[in-house]
Structure formats: C-alpha cells, structure tokens
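All chains, please: the whole structure from these sequences, using the hints.
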Amino acid sequence: MAKYIILLYCLGSTCLGFAQFDNDLSIDDLIKQLETTDTELQEAAALYDLAVTPSDPKALDEFYIKTIELATRDQAMDQVIIEKIKQIKQSCQCNIDPQLPNLYYQQGLALAKTKKYDQAIDAFHQSLKINIQKPKKLAQTHRSPKADEIIDPFAALLAIEKKADILRFKYQLNEEESLLLTALQSYDSAIDLYVLIRRKYGNKSLRTVHGDKIKRISEKGIETALQLYEITQKTSYKEQAFLFAEKSRNTVMLDALLEADAKEIGLVPSSLSQLEKQLAFKLSYFQMDQPNEKDSIFYYQQALFTLREKVKQTYPKSQQWEAKGQDISIPTIQKKLEEDTGILSYFVGINGMYSFLLSKDSLHIHHHLAVDDTEIITKQLIQKISTSDFYKNPKEQFQSFAKLSQRAYDYLIQPQEKPLNQLKHLVIIQDGFLNFLPFEVLVQSIKQTEDPDYSLSNCAYLLKNWSIQYAPSIFSFNKARSNEEIKLSLAGFAPQFEGKKTSLTRSCSSQKLIHNQQEVEGILDWVNGKAFLGDQASKAQFLSEYKDYSILHLATHSCPSDHPLKSQIVFADTSLLAKEIYYLDMRDKLVVLSACETGVGELNHNDGILSLARSFEYANAQAVLKSLWAVADQSTADLMQLFYKKINKGVSPNQALNQAKVDFLKENTTLYQHPFYWAPFVYHSSNFQPITYKNTDSTFYWMGILFSAFLLIGLFFFLKK
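Here the sequence shown stands for residues 1442 to 2162, numbered as in the working numbering.
Check the hints yourself; a few may be wrong.
Listed next, with one range per pair, are the computed distances between beta-carbon atoms [claimed, not checked]:
| hint | residue 1 | residue 2 | range |
| --- | --- | --- | --- |
| 1 | 1803 | 1939 | 56 to 64 Å |
| 2 | 2112 | 1770 | 46 to 54 Å |
| 3 | 1962 | 1989 | 14 to 22 Å |
| 4 | 1673 | 1833 | 51 to 59 Å |
| 5 | 1966 | 1986 | 14 to 22 Å |
| 6 | 1824 | 1613 | 35 to 43 Å |
| 7 | 1906 | 1773 | 50 to 58 Å |
| 8 | 1858 | 1751 | 51 to 59 Å |
| 9 | 1558 | 1865 | 45 to 53 Å |
| 10 | 1971 | 2015 | 17 to 25 Å |
| 11 | 1801 | 2015 | 44 to 52 Å |
| 12 | 1939 | 2135 | 33 to 41 Å |
No wet-lab data here; the hints were simulated from the structure.
Backbone N, C-alpha and C define an ideal beta-carbon position, used for all residues, glycine too.
Rendered as structure tokens:
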C-alpha cells in the first residue's frame, strides 16, 4: 500500500509543474490495480485530484503533507519504495527531484518508529547525500555536510536535526560516547545551516517557515554538550554549550555589525553595501507589509541573492571576514574582559532555562528548571513596575513589588550569586521574556527597620551591587569598535507641542511636554553641544545635523509599534520612522532616546525586541539608551541631568546611568523612589568595553584660559617686585 501512496505523491509533487509524466502511469490505471474500497487509497487519490487542480495552488502542498502522513502509517516503507520513486523520477523528464531528500527523510522517520535506528540514520544520511553538490565527499555515514555544500538547506536542516536526535536516543541505550559527540557535531552543522538560510532567504522566511526551530536545535545542542561535560569533565564542552546559546540569537544585529566592519576596512565598496541594505529593506517591506505581492518578493529575493553572490565572487575577503564574525572562542573573549567584569547570558528554552556567567577566568552554567514560574513572576513584576497607579496604596503596592522582585531574584540571580559577588560590572544578554526586564530592579534583600511601614529606600537592589549594561550577543563583543577616546559633543532635540493638554508622559501623542526643553538646556550645562528647541527640533534638522555629534539626545514623544518598521520618534514637523533610521550611519554615536517605550516592540525568537532602539543599533550606533515603558516627563528630565553630570566627570555612559539611578534614589522622596521613575531606561551596546569621551565643553575651556591669565598676571606682579 505505502509504495502506491508514495507513487501518487511523486506523480503529483515531483513531476507536476516540471514535465508531463508517462500516460501509462495514469492515476486511473493505478486505481484499477488496487482495491477501490481502500480508504487510504481513496484519500490519496482525492488529494491527487486537488493537487492537479490549477485553481487551488495550495493543494499541492497539502497533497505532499498528507500523503507523507499516510505513507508513514505503513511500516512497509523501505528501500523498494525508494527504488520505485527513482524509476518514476527517471520516467519524468525532470532535471531534479526536489522532493527526494524529503522522501528519504520520511523513510528515516518511519524506520525510527519501528526502532530500526541504524537504518533510520542511514536514511537521513541518504537524504543529506543526494542534497549536496559533491555526494562523494559525504562518504562517512555520520558526517554532516558543510553549509555551503548543500543544495536545499531547508530539507537538510530537517534531516540533520532528526539524525542527531536518534543518535542521542541510541546513547541512552548503550551509552557510547561517540554517539553523543556525533550528535553534537550534527547540531552544530544544523546551526550553520540556519545561518546560511537566514542570509540567503531572509529572516522573514525563517520566522514563517521554522518559527522556534533554531531555538529547539540550540537547546538540544546545549543539553548534548553538557552531557559530554558530565562524562569527560572537559571545559571545552561547557564552552560549546555557551556558544550554542549565543548562535541562536540576534542574527540581524550581528549581520549589521559585520557589514559595517567590512565597509570600514574597505573589504566591500560602500556603494555595494548601501545597495544591499536597500534591497534587504525592500524585501523586508514586501514580506511584512505586502505578503501577497509574490512577484515583488521574488524579484527582491533574486536581486539580493545575485548581489551577494557578486560580492562573494568579487570580494572574497569579505566572506572570510563574515565567517570570522562567527568564529569566536570563549578564551578569546576572556582575554578581553576586565578582572571585575562578567557576562551574564540567559537562554530560555522549551525544557528549561540556562544562565551562563563568563568572567576572566571561569565559566559557570546553571540549568533553571522552573521556566514557567520564572516567566509568570517576571511578567507580573514588569507589570508592577511599569504602571504609575502605585500611589493609590503605596504600602500595599510596595509589599507586592518587593515580594515579586525577591522571587525573581531567587530564580534569575541567586543560583549564580557566589561567582557574581566577585564582580563589579555586569554585561547582561537577555532572551525571550527577559528582554523586557530591567535587572536593576531585582531585590536581593530588604533591610528590616523598626518602622512597620516598608520603605523603598531599604531595598538592596541589584543596581547597588553591580553596574549593569545590556548587549545583543557575545559575538557582538568580538566585532565591537576600538575603544578610542571620542570627542564629547551633543545635539539635543526637544520639539514643542501645541496640544491643549499637558502630557505627564512622553508617550505617542501631540500633547504638550513641559520638561523636555528644560532637560536639553540643562544638559548643555554639563556637556558641549547644541540645543534644537521647538520648531528647530525638526526631522529635517536632525537628518542634516546628526553626523556632526557624538551624542544624539532626543527628548520627545515616541510611538512604538508591533511592526518592526513602523515605530517612530516624533519631531516638530513630522516623525522619523524606524525603517528610515536603518539607512542612517550612526557609527560611534551614543543615542539617548528620552521618550516612551523606545525599547518596546515585537519580540522575535532570535533577535530580541524589534524596537525603535533596535533600528538605531542596526544603523550601527555605538550604544543606545532606551526605555522599556511610558516614562514620566519630570522625573526623566531629572534623571538625565544626573546622567550627564556623570558623563562630564569622565564616567563611561553605562556606569554613568547606573550611578545616576543611585543618586536619583538618594535625592528623591519615597514615592519617586519607585522603579517606575528611575528604572525604565537601560543602556544597550554591542561594545562591551566602556566608552570614553574627551570633554571639550567650552565652559571648561574658558575657565582654563582665565586661570592661565590669572597665573600670568600674578607672575608679572611677582617679577615686578
């Protein structure tokens, strides 16, 4: 039975659209040869009729999926079926059989169900072997092909993952270490394939085709690497587990950094880099906004692929540079870390959550099992700190906040607390729901006082023990800019809004802001620069001026969107959309988004939050200071004054924000000590090294001139005597 179902499948899926099949193998003849009362055959024939109906193009996919399901019910699927498929393929005048790798894959699944594991592995291997350009190179059964050898990476991804799964299962039966090692290598190959697919077909394709597949593969890789570590105690396996976690995330940001680096060192002409960026943007636009425009999507896919192939052939060194971006080792990173700095990276999987704490001389890994509980508590905590209704019942609200925050601390930080106590500075790499949490608000303990009322000032926040910044991935650390001293110059933009009401927050509206202009004017007391106020704070002015300054401070309204390209920052005349920011050159700039929810947007499995802030990062900003909820107008202005006061003293921006928050807590009343006011802003940078600025404030310049003049006058009178 199964061979005839597969025969129907091959006739409908493989030859249809490529060539006419032999009339001697018509569907009617096949039906006559078999019992017409057979339910499975009737269902297969009905699916075939759908598949050949021109008015229903989706039916072909449905036919493929359902006939495969039917076929795998029958345990008789074996090499005889595959041989029959090959014969049919030859009878069709088809150049290739695009479905044959999938058929071998399905054969492997069927063999695995009957516990024929070795034969199943062979079937998956055959699926890979016929899917590469030079099959002879894949002579060894357990070796996985390299990403650039594969013809159809989507099919290969399925076969490699399932082969690795069965190898791991076989290990449970006989505990042969080599099985785990081969499985680990297979998962690593699958990750490389994922990168290839992303670069060739775009991230939108991955989101629609695979969903969280890469997350699942990464988690299996982590589990396998840690199994091998338990067996061998080799540190290299712990390091590989960490790399699996990192390879699954922030791929868009890494590509942007690699592209910028290649452009900077002259590996690819800037004109080609800009063209590639434009084509990629156009493709993203149609995929997201106009998914029915198949011709346009196909055109930009082909144009982008052709351009990248041209760059690859004409500028081969650029490909080597991109490969180098993913070729990174844990010891390499550790050499660059300061003694008191650590990287705390999280991976949120299906079976659990992992935290990786990397310091100068150690790597600590913890498997957090209670993922569901952690997610619930974290989301409740975020809801508690991001709303301003706490003033209605401060004591009850504080007690609720403190309880949630301590529980979140116990889940997220306490397991790594001992090695963390040896550090002062933390670079946190978030994942999943953790992207919306400012870790600074986590409470380690609450000081007990005689006063029965709780006080926010008694909280031992994470903020008080470690300075914190956030980063997209450890791979961005490998590609971070050189830490040269940057001239400190600021352009501050504060539009005036003519709304009838005054807005208490800087959320998406046209209502008046009272404190944003005072904020920008006050900042210039601390740093050298220029204020663009009222009508001068226009989009046109920003686009003409931004390249001349190292810090861009935008104190205004913003409008977040679930659509990654539609978030916007509001200027006096109009808004600047996220999709426009992608084209800008923000190299070596700190962008301070003093507005509401600039770090909020669509949460992508692999790329974090696709927010307004992310568009500045993609435009290659050195760092972005962003907000995670609707920020209050007055407290934001106060916090920013404290921030730039620290910048003026030569403190790096990441530590300046940390110290500004601590000072804010000291200087304000209990109500203003609530995290709603000081915690929304976080410092996000692809550069793990502190940024240092050369202060050229004219105030200090003239003070130096006056001081020198007084010295000269004093010396003149001294000599005159």
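Does the structure break any of the earlier hints, and which numbers would those be?
7
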